[in-house]
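Residue numbers (my numbering), protein chains in the order written: chain A, 1 to 329; chain B, 1 to 329; chain C, 1 to 288; chain D, 1 to 503.
The hints are simulated quantities; they were obtained by calculation from the structure and are not laboratory data.
We put the beta carbon where it would ideally sit given N, CA and C, even for glycine.
Keep in mind that the hints are not guaranteed to be accurate.
Unchecked claim - Short derived list, chain B residues pointing at chain A, Cβ under 7 Å:
1) Ile105
2) Thr123
3) Met125
4) Arg126
5) Gly135
6) Leu147
7) Thr313
Stated by the list, open to error - So these bits of chain B aren't anywhere near chain A, every CB distance computed over 10 Å:
8) Glu40
9) Leu145
10) Leu174
11) Thr200
12) Tyr322
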Amino acid sequence: MSSANTAEKPKSKDFSGAGQKLLAFASLIALIVAFSLLSENFRTVTNMMNILQATSVIGLLAVSATIVIITGGIDLSVGTAMTFTAVTAGMLLTWLHLPIPVGVIGAILMGALTGLVSGAFITKMRIPPFIATLGMMLVLKGLSLILTGTKPIYFNDSPGFTDIAQGSILGALLPAFPVPNGVLILFVVAAGAAYILNRTVLGRYTYALGSNEEAARLSGVNVDAWKMAIYALAGAVTGIAGVVLAARLNSAQPALGQGYELEAIAAVVIGGTSLAGGRGTILGTLIGALIMSVMTNGLRILSVAPEWQIVATGAIIIGAVYADSLRKK
Amino acid sequence: MSSANTAEKPKSKDFSGAGQKLLAFASLIALIVAFSLLSENFRTVTNMMNILQATSVIGLLAVSATIVIITGGIDLSVGTAMTFTAVTAGMLLTWLHLPIPVGVIGAILMGALTGLVSGAFITKMRIPPFIATLGMMLVLKGLSLILTGTKPIYFNDSPGFTDIAQGSILGALLPAFPVPNGVLILFVVAAGAAYILNRTVLGRYTYALGSNEEAARLSGVNVDAWKMAIYALAGAVTGIAGVVLAARLNSAQPALGQGYELEAIAAVVIGGTSLAGGRGTILGTLIGALIMSVMTNGLRILSVAPEWQIVATGAIIIGAVYADSLRKK
Amino acid sequence: EKLYIPLISKGFQHQFWQAVKLGADKAAAEFGVEVTFEGPETEAQVDKQIEMLTTALSKNPAAIGFAALDSQAAIPLLQQAKDAGIPVVAFDSGVDSDIPVSTASTSNVAASALAATKMAELIGGEGKVAVIAHDQTSRTGIDRTEGFVNEIKANHPGIEIVAVEVGGGDQLKSAEIAKTLLAANPDLKGMFATNEGGAIGMVNGVQEAGGKVVIIGFDSGKAQKDAIKSGLMAGAITQNPVGIGYETVKAAVAAAKGEAVEKNIDTGFYWYDSTNIDAPEIAAVLYD
Amino acid sequence: MPDLIEMRGIDKSFPGVRALRQVDFNLRAGEVHALMGENGAGKSTLMKILSGVYQPDSGQIMVDGKAQAIGGPRAAQALGIAIIHQELMLMRDLTVAQNIFIGRERRNMFGVLDEAWLNASAAAIFAQMKVNIDPRATVGDLSVAQAQMVEIAKALSYKSRALIMDEPTAALNAKEVAELFAIVARLRSEGVGIVYISHRMDEIRQISDRVTVMRDGALVGTVAAADTPISQIISMMVGREITDARPIVPNLAGSPKALEVRNLSRGRAVREVSFDVQRGEILGFAGLMGAGRTELARLIFGADRPDSGSISVAGKPATIASPADAVRLGIGYLSEDRKHLGLALGMDVRANIGMTAMARFSDRFGRIDEAALGRVAHDYIAQLAIRTPSDGQEVRLLSGGNQQKVVIAKWLLRDCDILIFDEPTRGIDVGAKAEIYTLIQGLAAQGKAIIVISSELPEVLRLSHRIAVMCEGRLTGILPAEAAQEQIMALATQRDTTAGAAA
Ligand SMILES: Nc1ncnc2c1ncn2[C@@H]1O[C@H](COP(=O)(O)OP(=O)(O)OP(=O)(O)O)[C@@H](O)[C@H]1O
Ligand SMILES: Nc1ncnc2c1ncn2[C@@H]1O[C@H](COP(=O)(O)OP(=O)(O)OP(=O)(O)O)[C@@H](O)[C@H]1O
Ligand SMILES: [Mg+2]
Ligand SMILES: [Mg+2]
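Put together the whole structure using the sequences plus the hints.
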């Protein structure tokens with residue numbers, strides 16, 4: 001019982017360290033280089049900001065999806081829940097004329113509530129996450145249409161609301177970095193989510209549930225309560241996405257949102273998070289989301305015909321993940 | 001080494017025996033009874049045939065999805081692959097004026113080929129099924145648009161083609177059972193798939209891969225080859241769905257198909273198949289698909305407003321699975 | 001160096017949009033400019049369209065054609081275009097703003113009202129009818145549905161609209177809807193679909209169900225033309241998408257060159273049925 | 001005549017771990033060759049190389065004197081080499097028979113399976129093994145011991161010339177082990193070469209012809225079993241002597257009752273069980289496979305709900321609806337199935353050790369004190385000699401015995417008043433075992449109440465202050481520490497007496 005040779009071994013690392021391998025990062029760089037060579041319109045600062053801005057909403061949704069996927073679950077409702085929170089903001093600000101912070105916080109809380117409800121379906125009613133969130137996706141979509149009377153709600157009475165996404169605090173301070181606020185929000189939220197996942201008990205249990213839920217339960221972890229908390233956290237991030245979306249469009253569009261779940265999940269998986277749960281990083285997800293928006297933007301800049309854009313997108317998604325798996329060998 | 005007291009255990013069952021529990025069957029019956037009480041137009045023979053016919057295409061896709069899901073994989077490309085096979089049939093029949101059987105077989109083979117390609121991405125290139133089939137979904141969608149020049153291909157030159165779905169061999173023989181051929185095809189294919197899953201090596205390995213792929217590999221099973229075969233089989237079923245779709249619409253509609261994957265997977269999961277793989281039945285999937293179409297039809301018959309239909313659909317999906325899980329306790 | 005004019009449309013997969021593209025390509029060849037044509041997958045994707053407009057602006061175009069899914073949401077970008085001196089031509093439906101130098105469109109409301117009038121004529125002014133809308137929230141979806149419904153309500157008291165279902169422009173779903181409508185309302189007299197996908201589905205659904213109802217479609221395409229010729233469909237409304245595309249590019253070229261352009265270009269709509277389908281002025285606005 | 005198998009100069013490294021260095025090993029036809037070594041010595045790795053699971057970095061393998069590249073499991077099978085893996089490698093959704101014959105199903109030209117043949121063949125193997133397992137039972141419903149039997153049956157079904165058994169008896173008790181040895185003896189007489197890995201020293205003497213000992217990935221030596229004393233083998237393994245003794249039963253008169261269980265029942269698995277455990281006491285639970293000990297523990301721990309019965313903790317009636325409740329009341333349960341129930345395999349050693357005690361290592365905002373947790377993890381890694389490159393290593397990459405030590409560390413950290421150890425030393429080497437026994441006794445001496453469920457009678461006898469025996473869900477008796485094996489076996493097979501004879 002003497003030979004525990006821990007001393008000669010490499011330094012201990014965080015179990016979330018997979019992110020340090022910068023999943024899919026090489027593919028992202030390769031894409032950016034390729035498009036830059038192909039088009040000078042691609043490599044402008046404006047266009048880079050466009051790409052970042054285009055990543056903000058889907059990136060936030062992908063962060064939300066990452067949290068749920070690490071638990072071994074899935075959230076199909078991210079898209080329509082986002083819309084629902086945007087509608088919530090619209091009702092609070094435009095219909096009830098409340099101040100902007102109230103609308104923003106209301107939307108985020110509503111997002112957390114939708115997550116909590118999904119979490120309750122999953123834990124208390126033992127409904128598989130796929131079904132519970134599919135149901136939520138439809139219920140929230142329908143409710144958005146019903147509440148708005150199928151018409152968009154505009155934020156014209158809340159001047160300044162659009163600055164939440166479109167303004168640039170950073171640009172005001174440092175004119176060389178005209179990063180739109182929407183992008184800033186994405187990065188701040190992503191950093192916060194990464195912190196929670198890696199440094200807090202909630203995050204630890206997120207990985208533990210995905211890795212072996214039964215083992216966590218038998219370790220005395222109150223699995224149901226934590227899972228609901230995790231879904232609520234993810235829902236809050238979805239709510240932030242809803243606010244940014246509404247600010248970008250200066251409106252809450254009730255019919256929007258379905259289909260986004262697939263894009264968000266795709267970004268997560270391209271970023272190296274396993275749908276089986278237990279592993280995954282926010283950094284990977286950001287890179288995955290960026291791959292998707294660089295690709296979309298680049299193909300458009302190159303004026304590729306829409307149907308060929310679809311084909312190319314499919315091919316690049318497969319190629320990016322393949323390249324990444326080769327590199328990891 | 002003798003005392004394993006298996007004698008007092010519950011009766012042994014086939015591993016496919018989950019199906020014998022008639023997953024979600026009670027929910028289906030409850031729905032039918034409820035709608036029948038609410039509307040006399042629901043409970044007509046014609047409407048029952050409508051429901052069955054409405055189940056044919058999505059049911060076939062769900063059968064295809066079931067096969068893949070049992071392996072622990074997922075197939076997001078079922079919808080657009082179906083369209084692609086319909087386009088294939090259109091090209092063979094309308095453009096090349098080949099006889100109907102050639103078009104049908106060509107479409108089915110094309111379906112198998114798409115499955116094989118997905119399978120090769122997954123096994124040979126080690127791309128996660130979600131990404132591989134997401135890529136295929138987009139590539140096939142784009143190709144359908146490109147090949148057709150975004151225009152539908154009509155089957156007007158192939159009289160009799162629509163009979164594949166719309167005629168009724170059974171009705172000709174037994175006028176009391178005017179079951180459309182599309183429905184007949186669904187049931188025959190489902191029975192065939194169930195047979196393959198339960199009685200053949202291919203089926204055995206389908207469950208084995210989903211249950212513990214590593215164990216199968218260490219037992220000397222050529223996991224890669226079998227997995228490709230399984231995806232090809234699922235693809236062939238998708239091809240059959242493409243033929244039935246084309247026959248129903250008398251045309252190959254290149255833009256159709258996306259979104260169907262979610263409906264198909266939902267039917268599978270409602271039918272009790274686990275997304276984790278290793279377990280699931282075709283019978284459950286059929287019931288899941290029927291739940292979905294009964295629900296859709298019933299809500300329309302009751303003239304529920306479309307946005308409320310969406311909400312109700314979400315609620316019923318959750319409710320059906322919950323009721324089922326209660327019953328199983 | 002050719003002038004570059006991107007057209008941001010509401011979609012590209014439907015025949016209607018392909019016909020717009022055809023007209024745009026025709027004008028591009030005629031005026032020697034480069035045109036690209038793209039649009040989101042569904043008319044709900046306001047944000048995707050905004051993304052497309054953003055990207056188009058960063059390609060330094062000579063002018064832009066824009067069919068707004070939500071005109072208010074696009075205003076900051078349109079302002080940006082205006083500030084950069086890039087003229088915007090609106091097409092298909094207007095933009096609530098004076099930024100576009102020209103608008104090439106027709107009134108969807110008026111077009112559907114015509115469909116309602118024809119429906120009333122064909123069913124004798126009374127009975128039950130139903131609508132299969134292609135969308136519940138997009139401008140075209142709302143305008144076409146409301147145009148039809150309001151005309152019936154206002155001028156044809158004997159007609160009852162029993163259902164407005166949403167088929168999403170999906171041929172198969174619309175077919176199921178048509179069959180369900182017939183099952184739910186055995187005495188249904190007429191059905192109206194608000195776009196091509198809905199109309200194809202309606203034709204197939206009625207064919208499978210074997211009912212006898214007056215069906216009226218919207219837009220063009222081979223399926224509808226065949227159905228009209230065979231008598232299955234009573235008639236349909238078509239706009240002039242080729243004309244819309246052509247006029248949009250024509251106006252954009254003129255604006256890019258600093259020439260004066262007409263503020264509103266009405267491209268018109270037409271009722272067609274078995275009697276006039278082959279007439280030259282109708283045949284010119286129909287497409288397969 | 002050349003040896004059946006000869007491995008020469010085998011090297012194998014994993015990231016951060018040199019698992020094997022220049023190992024030589026040979027196996028003759030008709031011998032039982034024991035492979036011994038501490039946890040993490042490299043035994044399983046060497047055998048995985050022989051069975052085609054891993055490729056060696058260097059070295060060569062000869063079968064019948066001919067050099068062979070064993071590129072995969074299939075190639076090993078073709079050469080007549082079969083292996084029973086240490087970690088169960090079964091498909092839980094398939095039936096027993098389907099598992100045994102996976103990859104070798106009898107079928108017709110259309111691929112249609114002959115299920116009757118499958119079940120009959122499996123039944124025949126079980127009959128030969130004198131085991132009563134239904135070939136049509138789903139493997140996921142079996143206990144660990146039954147699943148282990150299925151693994152053994154599967155390996156036997158290959159009718160191979162070389163059979164590797166990697167800790168086949170870790171989950172079995174004495175009676176089952178005896179049956180297994182009968183099978184081993186028969187195979188040996190038929191000329192099969194058997195590699196036998198076990199941490200149970202008594203078994204080595206019983207069945208092996210030669211013993212090879214490994215340490216730290218290197219070969220220590222090969223000796224003849226008959227003329228080498230066990231103590232010498234142990235010192236070859238761990239480099240020191242280990243002494244074995246019966247427990248000194250403390251005087252517990254006046255010690256308060258920590259746990260009182262009354263008439264606890266659940267289905268047929270647990271029937272009307274009543275007993276007490278005092279503070280400072282170690283209560284051993286003996287019984288045959290499926291006697292209901294695990295199920296009883298799960299009921300006490302709240303992992304399953306009882307049909308009836310009551311539990312008191314520290315004299316107060318307790319409502320235990322979930323493991324979280326149990327842990328809050330100071331009850332810990334170390335599961336027998338570390339892979340499925342004990343560990344988050346994809347997480348690192350530190351996170352697994354910390355799983356039960358996160359509240360202690362986080363502030364009120366839920367921020368984890370990684371430094372403190374890391375210190376504690378390092379302490380346990382040293383104390384239990386967990387062989388791992390660092391506390392950041394994923395647990396699934398540890399050897400089986402070291403994984404078990406992580407589970408133990410996890411519960412030690414929680415510091416419960418009542419600890420239930422279910423097969424605590426499964427797969428743990430002799431040296432570490434002695435250390436763990438000392439640890440458990442130390443815990444008892446601190447006043448904790450301990451329940452030890454073990455299928456190894458020597459272990460029960462070595463540790464327990466009292467010995468409870470179960471049979472078919474009933475508690476058939478509680479014996480004093482000095483009870484004889486025969487007494488225990490009598491109670492363990494006492495099938496008819498009425499329940500509740502105990503306490
Ligand atoms: N896939 C792997 N990746 C990294 N390290 C590994 C891997 N497999 C084994 N190891 C390491 O190699 C060493 C030898 O492990 P092995 O499983 O062969 O030990 P063992 O002798 O069988 O021990 P036990 O008695 O505990 O089963 C251990 O330090 C283990 O952590
Ligand atoms: N989850 C379960 N589902 C069905 N039967 C079970 C389950 N768990 C245990 N059993 C059955 O309950 C009985 C008691 O099993 P248990 O595992 O408690 O026995 P044990 O004494 O711990 O023996 P072992 O050495 O096999 O662990 C057995 O017949 C077992 O098969
Ligand atoms: Mg080992
Ligand atoms: Mg046990």
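Cross-check of the supplied hints:
1. Ile105: Result: violated, 26 Å to nearest chain A Cβ.
2. Thr123: With a minimum Cβ separation of about 12 Å from chain A (threshold 7 Å), the hint on Thr123 (chain B) is violated.
3. Met125: 5 Å, holds
4. Arg126: 5 Å, holds
5. Gly135: Holds, about 4 Å.
6. Leu147: 10 Å, violated
7. Thr313: 5 Å, holds
8. Glu40: 27 Å, holds
9. Leu145: 4 Å, violated
10. Leu174: 38 Å, holds
11. Thr200: 27 Å, holds
12. Tyr322: 5 Å, violated
When each numbered hint is compared with the structure, violations occur for hints 1, 2, 6, 9, 12.
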